[in-house]
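Chemist: Protein chains in written order, with the numbering used here: chain D, 1 to 133; chain L, 1001 to 1564.
Simulated from the structure, these hints should not be mistaken for laboratory data.
Just so we're clear, the structure is a prediction, and the values are computed from it rather than from any experiment.
Do not rely on the hints blindly, as some may be mistaken.
The calculated BS3-like cross-link candidates involving lysine-lysine, where the alpha carbons are at most 25 Å apart (straight line), are [to be verified]:
id: 1; chain 1: L; residue 1: K1277; chain 2: L; residue 2: K1327
id: 2; chain 1: L; residue 1: K1524; chain 2: L; residue 2: K1220
id: 3; chain 1: L; residue 1: K1005; chain 2: L; residue 2: K1315
id: 4; chain 1: L; residue 1: K1327; chain 2: L; residue 2: K1424
id: 5; chain 1: L; residue 1: K1461; chain 2: D; residue 2: K4
id: 6; chain 1: D; residue 1: K6; chain 2: L; residue 2: K1461
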Amino acid sequence: MEKKIKVVMAKLGLDIHWRGAVAVSRMLRDAGMEVVYLGNQFPEQIVNAAIQEGADVVGLSTLGGNHLTLGPKVVRLLREKGVDDVVVLMGGVIPPEDIPQLKAKGIAGVFGPESRIEDIVHFIHEQLKQFAS
Amino acid sequence: MEEQKNQLFNQQVIEHIKKGKEVWMQETLKNKAGDQEYFTEAGIPIELLYTPADIGDMMYERDLGFPGNKPFVRGVYPNMYRGRLFTVRQLAGFGAPEDCNQRIKFLLANGATGVNIVFDLPTIRGYNSDDPEAEGNVGVCGVAIDSLQDMEALFDGIPIDQISSSVVTHMPSTTVALMAMYVVMAERRGIPLEKLSGTNQNDFLMETTIGSAPEILPPKHSFRLQCDAIEYAAHNLPRWNPVSYNGYNLREAGTNAVQEVAIAIANAIATAEELIKRGLKIDDFAPRLSFFWDLCNDFFEEIAKCRASRRVFYKVMAERFQARDQKSMLMRFHVQTAGITLTAAEPLNNIARSAIQGLAAILGGAQSLHIDSYDEAYSAPTEEAALVSLRTQQILQVETNVVNTVDPLGGSYYVEYLTNEMIKKIEDYIALIESKGGLVAAADSGWLHREISDFAYQQQKDFESGARKIVGVNYFAAENSATKAIDVFRYPAAEERQKAKLRALREKRERRQVEKALAALREKCHTDANIMPAMIDAVRAYATLGEIEDVFRQEFGLWQFPLV
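In isolation and in its complexed conformation, chain L is listed as follows:
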């Protein structure tokens, strides 16, 4: 029988093991297991010992499969890291684009294999560097981009036709503008769009739920722009990932591993429904959907999360949306180690935390990786700290041998059990979101904000009570004297330079062309048409980011963040 061939374990053997475990508990273990109960971070009880009986009904090909084959639990590519190592993608972002360009080149010169750009808050929130609201934030925590000329300066001399760029645009309203700048920048350098390889973040939850801001677009408009960017890429950018569903920042803001994955996949479901409504087929866009996970300290749970997320995504795409193209069903994801786990006390300890999380990312089958730097509880990393992160990645790649066999924890009774549990919990949470009317409605009502806030509050209480231990903080707390002072990165002053460039730009550009392009963009806001063509025209005319975002703020109106 087909079923018998697939069954991992003979059921008679399972019965035998169950009985054997009973005997072992009574005769060998006795009372040595202790009374304490243990749980994973997501609340799954941890047994002292797992055996085949915990995964007794698993079928190999149905539940695990071979790497590169459905359901992709063991990995999305058949040869995994032997074929291509995960991309070493360390974040860079500070100062004016000319400053940041130097850091990108430094990282590439030292062996980074991809670019990863983070923007300053005025850019993310859609304000020019000379806007009063930008005061104090220009070139801080990220690089400042005001117009196409800044995008050109940022990527000057970077071979974007050969290496991939992650452009961490956060919100859809900024994504559509920055993506247009990237496209026009490439065009001017004579690089065909089909050669552009990279990723935008483009997640409407970053605009409406995870990040807060003085002025926010309503969820339905933000979600529309998210889908516009994905639709545009489906037609024009075959190697571009126009979305990176951001579980990472959900986790950092306050969710557990189950919620992180479930909310991100619920966003992919909402996207697919919307784009199918617009007339696209699932296989037109699903192959370029990508994900972004946060790997915290619960080592095996994080690995199980990565494996489980691939299975859930496979089921959603294959069963619910009836995808035909294999590439539509395989989930690719980037990992960043968990900023939330870094401590300001004894900062060098963070090197150990980040390395362990990075190892979990590899055992979980990540496609690219950023390892946080030890000084990030103080500021953006210094060059020295950034180099330690880069070296940690390289140590994992060439000194540990962990990359040379696929899914080495596959078959571990515990990891397989945990993977199965995570799958169930992720699917349950997706169903819960759908019972709230789907993800857009769940954000609009504030339900999602409450879920995040409740988790953050509970975690802080657990920390204060000592139930959650953090080394050097509430477990063997560092004496002040024991914390060696570290060098803190100071941002290069960028505000005045950016302001001067904006003044010069406004003199230089064709005023009438800018006005015409912005009027066309404004008109498109109120139609069902995709915003991207009008956006590309506006960017080409050197409309500034702030001018573009003002159009959105005026036309879509602002929304009150439902959090008190």
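The following block holds chain D by itself, in its conformation from the complex:
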């Protein structure tokens, strides 16, 4: 049997709006993935959890306006610890003009309001293919 894709999902920093993160977590589970929901965490704890859990994907949710500071920090800390085969995704209220900057700093994908779960699932499968070989 194929190993389940493992997702570590976190609310980024102090942001309080958990609706999206929890709904997406439950729907990724429906899609056959294993999801560890961390609740609110800061980048250091998120990276530690991702490493301990052997995560394939890290999902970061924020509607709190801290995406440009704390999002790329998660990628940087992962790289510093020698982890470069984890897909880091973000979701929440993120102005479109900030997305190129996030992508340049290693965020693989950004899923704003109105995203569909099938698109997120498809994106995760495509991204993980590049690490498969």
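Given chain D's structure and the hints, the job is docking chain L onto it.
Modeler: Using the frame of chain D, we list chain L on its own:
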């Protein structure tokens, strides 16, 4: 007979209408109603046509009454908007307090009639702007407040003895600190406390259920602080609403209209029980309890919700708590249009959504209103977008004539039927919460979190399946090119300025006084005494918000959010 005088409809007429409807269905309507079933957002079936038979046993004075009279279904004031228009209360909150002060003045200069302040996340969660945990969040999504001097800068030049301020403090642990800062700020300006008019949010569910955070106080301690603030106001702030039971954020997080109202009223019930236990009488504090509703897109259901919530609250206060003062029995509420219904696709469509929701608020008899801005799926509103919201309120007030008669939908067969159904469902859900041990226990066990999560999950599934249609998103989805780029508000950089102010403050203040005041606050945590007097002393000594909240975190301990 008294009963006959009160009965809205003659029962013979009702029988006649029932028969008439049967005939109409067979001979006129035939099969033209279609097979599809329709439901309100809360799941109440919608009939094609309502008649007096659907509300045939209603009694006018018992079930509706006159506005300003029990049971307040038609409104809390006899003259409603002719007496005083709903307060135009647009939110403002970003940057350092000096930045936000400018936006408040801009809104007031353009006709806003009240102030409505939202704080940044470090402030809401009780961290100073120079705390490592605040990184990236200072002055974002709200204004940063670190100490009394920031509160003074925020309200500098704002006539707080003449206009009311809504201070959206979210959690009780922050409320008690920010409320103390507001009180001391007023004191220093020479404004008597009895002149202060306004509202704190102060809802323990914001701390433990609706919002999540890395570090949370346990529900029973958060609830105690909520009640401390209300008790303090009952003695000292006669025109202040020390709580705004927050149905709004429950709805945004994931509840239907019934749950929204039921949970908020269950919180009022828990508060009343606690304060009566402390020796207060219901009429000492109930007149200043206020509520906060979220009006979504199901137009008639939202109006029915507003009307029903007044009736349920009346019954709770009059029958259960035996209130004597009329003011204890009438529910006043603020409305904000539903952020959750705004779309990032084709953002100008949000102006239409918000206007429709705002209209529902007026038809529902709201006391104050914030209309969301079209760009809020991207960021906090730009000045231009905030002005459109303000203008929408003014259009409703002076161009549509909807404000000039009280409860214009009263007597609509459908709206009255729906109001009755909502009342039943709200009361049933309150009973369900009580069967879980009451609201504090329901939050502590995680039951409430599960209810919210289940609803959010189901709504997302309905959206994905297309059962729930959103224009421009899954119904005539906008092509990317069709979505015109809009200006997105950029927050002014506030972090460094706030940090510099904190450094200067720590130099300037009397260190020993701060320590003494914080020690006194710490000691009060472990007593039954009200926290507010010690809090006011701490604030006056320029203890920072972060220092105050650290005392709570250390003394009350932290709680694991029961959500996985």
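Chemist: For the pair supplied as a hint, L:K1461 and D:K4, confirm whether the alpha-carbon distance does not exceed 25 Å.
Modeler: holds, 22 Å
Chemist: Is L:K1005 close enough to L:K1315, meaning Cα to Cα at most 25 Å?
Modeler: holds, 22 Å
Chemist: Hinted pair, alpha-carbon criterion (25 Å max): D:K6, L:K1461. Please report holds or violated.
Modeler: Between D:K6 and L:K1461 the Cα gap is close to 22 Å, so the pair holds against 25 Å.
Chemist: Would the pair L:K1277 and L:K1327 pass a check requiring their Cα atoms to be no farther apart than 25 Å?
Modeler: holds, 21 Å
Chemist: Given the proposed pairing of L:K1327 with L:K1424, does the C-alpha separation stay at or below 25 Å?
Modeler: This hinted pair holds, its Cα atoms lying about 24 Å apart.
Chemist: Verify the proposed pairing of L:K1524 with L:K1220, using a straight-line Cα cut of 25 Å.
Modeler: holds, 16 Å
The structure is consistent with each of the numbered hints, conforming to all of them.
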